[in-house]
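Engineer: Listed below are the residues making up each chain.
2 protein chains.
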Amino acid sequence: MPRTTTLGRPVILGIVGDSAAGKTTLTSGIAQILGPARVATICTDDYHAFDRRERAENGLSALDPRCNHMDILEQHLRLLRQGQPILKPVYNHERGTLDRPDYIAPKPYIIVEGLLGYATRAMRDCYDVKVFLDPDPKLRIRWKVKRDTERRGYTRDEVMWALDKRRFDSPTHIEPQRTFADIIINFFPPLEQMEESGAHLNVRHILRPTLPHPDLTPILGMSAQSGLHLELSRDTDGKPVDVLEIAGTIPERRALKVEDLLWALIPEASQMRARLGAYDGPAMSHPLALTQLFIAYHMLMAAEGIHAV
Amino acid sequence: MPRTTTLGRPVILGIVGDSAAGKTTLTSGIAQILGPARVATICTDDYHAFDRRERAENGLSALDPRCNHMDILEQHLRLLRQGQPILKPVYNHERGTLDRPDYIAPKPYIIVEGLLGYATRAMRDCYDVKVFLDPDPKLRIRWKVKRDTERRGYTRDEVMWALDKRRFDSPTHIEPQRTFADIIINFFPPLEQMEESGAHLNVRHILRPTLPHPDLTPILGMSAQSGLHLELSRDTDGKPVDVLEIAGTIPERRALKVEDLLWALIPEASQMRARLGAYDGPAMSHPLALTQLFIAYHMLMAAEGIHAV
Chain B
17 MPRTTTLGRP VILGIVGDSA AGKTTLTSGI AQILGPARVA TICTDDYHAF DRRERAENGL
77 SALDPRCNHM DILEQHLRLL RQGQPILKPV YNHERGTLDR PDYIAPKPYI IVEGLLGYAT
137 RAMRDCYDVK VFLDPDPKLR IRWKVKRDTE RRGYTRDEVM WALDKRRFDS PTHIEPQRTF
197 ADIIINFFPP LEQMEESGAH LNVRHILRPT LPHPDLTPIL GMSAQSGLHL ELSRDTDGKP
257 VDVLEIAGTI PERRALKVED LLWALIPEAS QMRARLGAYD GPAMSHPLAL TQLFIAYHML
317 MAAEGIHAV
Chain C
17 MPRTTTLGRP VILGIVGDSA AGKTTLTSGI AQILGPARVA TICTDDYHAF DRRERAENGL
77 SALDPRCNHM DILEQHLRLL RQGQPILKPV YNHERGTLDR PDYIAPKPYI IVEGLLGYAT
137 RAMRDCYDVK VFLDPDPKLR IRWKVKRDTE RRGYTRDEVM WALDKRRFDS PTHIEPQRTF
197 ADIIINFFPP LEQMEESGAH LNVRHILRPT LPHPDLTPIL GMSAQSGLHL ELSRDTDGKP
257 VDVLEIAGTI PERRALKVED LLWALIPEAS QMRARLGAYD GPAMSHPLAL TQLFIAYHML
317 MAAEGIHAV
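First to last, the protein sequences are chains B and C.
Numbered as in the numbering used here, the first sequence ends at 325 without a single skipped number.
Numbered as in the numbering used here, the second sequence ends at 325 without a single skipped number.
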């Protein structure tokens with residue numbers, strides 16, 4: 017198993033977004049495409065400086081940089097980029113404790129997902145591809161309630177109370193990082209189905225010119241009902257961007273055609289194809305699958321040294 | 017509190033030796049001289065890769081490099097030398113578990129004590145002063161039984177069994193590191209009092225020419241009963257060394273005179289003078305106090321950039 021890439025060092029992907037923005041779901045699909053044995057996934061929550069009991073005492077939110085070993089996270093990102101191992105701290109989400117650290121061996125691909133991955137310049141300089149997950153706010157709350165009640169042992173009231181307590185933390189600490197991303201991913205429900213939270217969600221990719229995006233012209237220019245749309249637009253900050261929209265209703269045949277196009281660009285990963293688009297729900301989601309594929313494409317290009325570094 | 021030294025980076029002292037060789041006692045006195053707030057002490061036992069239960073299963077001794085994160089220890093030594101913080105793993109000697117890591121802020125002086133600190137070239141390159149503790153073997157066993165039964169909850173039989181089990185580990189993993197030290201410290205009981213293990217022990221310093229040692233001529237050349245003796249000799253490997261011997265019976269007045277000489281060389285630390293020579297016993301030991309002082313002298317010289325680096 018090679019420990020590095022054609023580029024001569026690991027390629028690092030950042031997936032930053034608020035709590036329950038869909039980071040883990042996105043990450044696991046990308047790791048599947050790149051090959052799990054070639055990927056190390058780091059969650060920045062592990063860099064919490066205080067356990068749950070200490071946070072209750074000192075009143076700091078886990079989203080607050082002062083509640084995290086930001087300097088150690090910077091150091092570890094730099095070491096990972098140099099192809100060095102790290103002894104990564106471990107935060108236990110179930111028990112709220114800081115546990116025995118994990119040895120992380122160097123791998124060709126590193127995915128760093130979490131709340132504060134773009135908080136400092138030194139961190140941002142470590143990534144090859146920077147993604148910010150910015151789902152529809154109501155959708156994120158539904159996701160958070162579902163996850164925290166089903167998998168982290170909280171009640172619905174506790175989740176809503178935590179969200180309320182954090183309402184100033186997100187705009188202060190999380191949202192300002194959006195501006196540093198190469199790609200902003202915005203899942204949103206179709207207007208006529210505001211309660212949708214799974215396979216039929218639409219996705220919007222805001223593509224900044226900070227990365228060379230793949231040429232999508234062969235699949236564009238079709239009818240408005242094609243489920244796939246690219247247009248020049250302005251971001252919320254007024255800057256010019258490309259916006260790619262993939263509808264949850266995209267016809268199967270059409271989604272597969274886009275997948276074919278992308279797989280043709282990255283033939284070495286095609287054995288992974290079957291596993292795409294899975295999430296915590298009954299059906300596969302084409303917008304999710306295509307999102308994972310687009311991001312993996314960027315990682316593979318970076319690994320070949322094709323992206324500017 | 018300055019975070020570095022005149023040298024522009026932290027000064028690093030290594031104290032390597034077998035289990036119960038007296039590392040902690042030596043270290044704490046040196047930290048007192050340098051000023052506790054200016055010293056970070058790292059114990060390399062914290063880099064165990066397996067807890068006690070896992071070691072029982074895999075049959076590896078804690079002295080075996082394969083039982084330790086040697087690459088992470090190297091990395092952390094390098095980071096400390098660069099004046100960077102580390103998130104240090106923690107091995108809990110009482111419970112035999114790997115616990116939540118500790119944040120270690122940069123300090124002007126770093127003392128790294130443990131079993132395997134000189135095991136690799138990359139580690140050895142990080143130190144400014146390298147000490148190897150090599151007490152009389154029977155003395156070390158007495159120290160080990162005392163410590164492990166009084167403070168680590170083992171029975172005498174368990175300690176003796178562990179020593180027997182490790183009898184091949186010491187020559188394989190610990191003793192080969194002796195050759196890399198600048199100073200070898202050998203505490204030994206006087207011939208007529210073989211059971212002595214405290215204040216009346218003698219000490220022998222084997223001084224390699226790898227460090228510029230202080231000029232001791234003002235205090236030498238006195239009678240054989242003076243309790244202090246320096247001579248040119250050959251080490252066990254045949255290489256030329258200076259050997260300094262300090263007798264446990266050194267007269268108080270004479271010990272203080274040597275201390276005066278050394279304090280005169282390092283006036284900035286003299287407020288720490290009162291605390292020297294303390295160990296786990298009823299009286300202070302002049303040989304221990306002078307040993308701590310000699311080593312602290314080398315650290316302070318290194319901090320001034322006077323030693324070759």
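Heads up, a few of these hints could be off.
In silico contact screen, one side only, chain C against chain B (beta carbon under 10 Å); selected entries [stated by the list, open to error]:
#1 A72
#2 H109
#3 E110
#4 T113
#5 Y119
Mimicking EDC-like on lysine to aspartate or glutamate, the simulated pairs with C-alpha atoms at most 20 Å apart in a straight line are [stated by the list, open to error]:
#6 B:K104 with C:D87
#7 B:K104 with C:D67
#8 C:K104 with B:D253
#9 B:K104 with B:E90
To be clear, the hints were calculated from the coordinates, so they are not data collected in a lab.
Just so it is clear, CB atoms sit at the ideal spot from N, CA and C, and this is done for glycine as well.
Engineer: Which of the stated hints cannot be reconciled with the structure, identified by number in ascending sequence?
Structural biologist: 1, 2, 3 and 8
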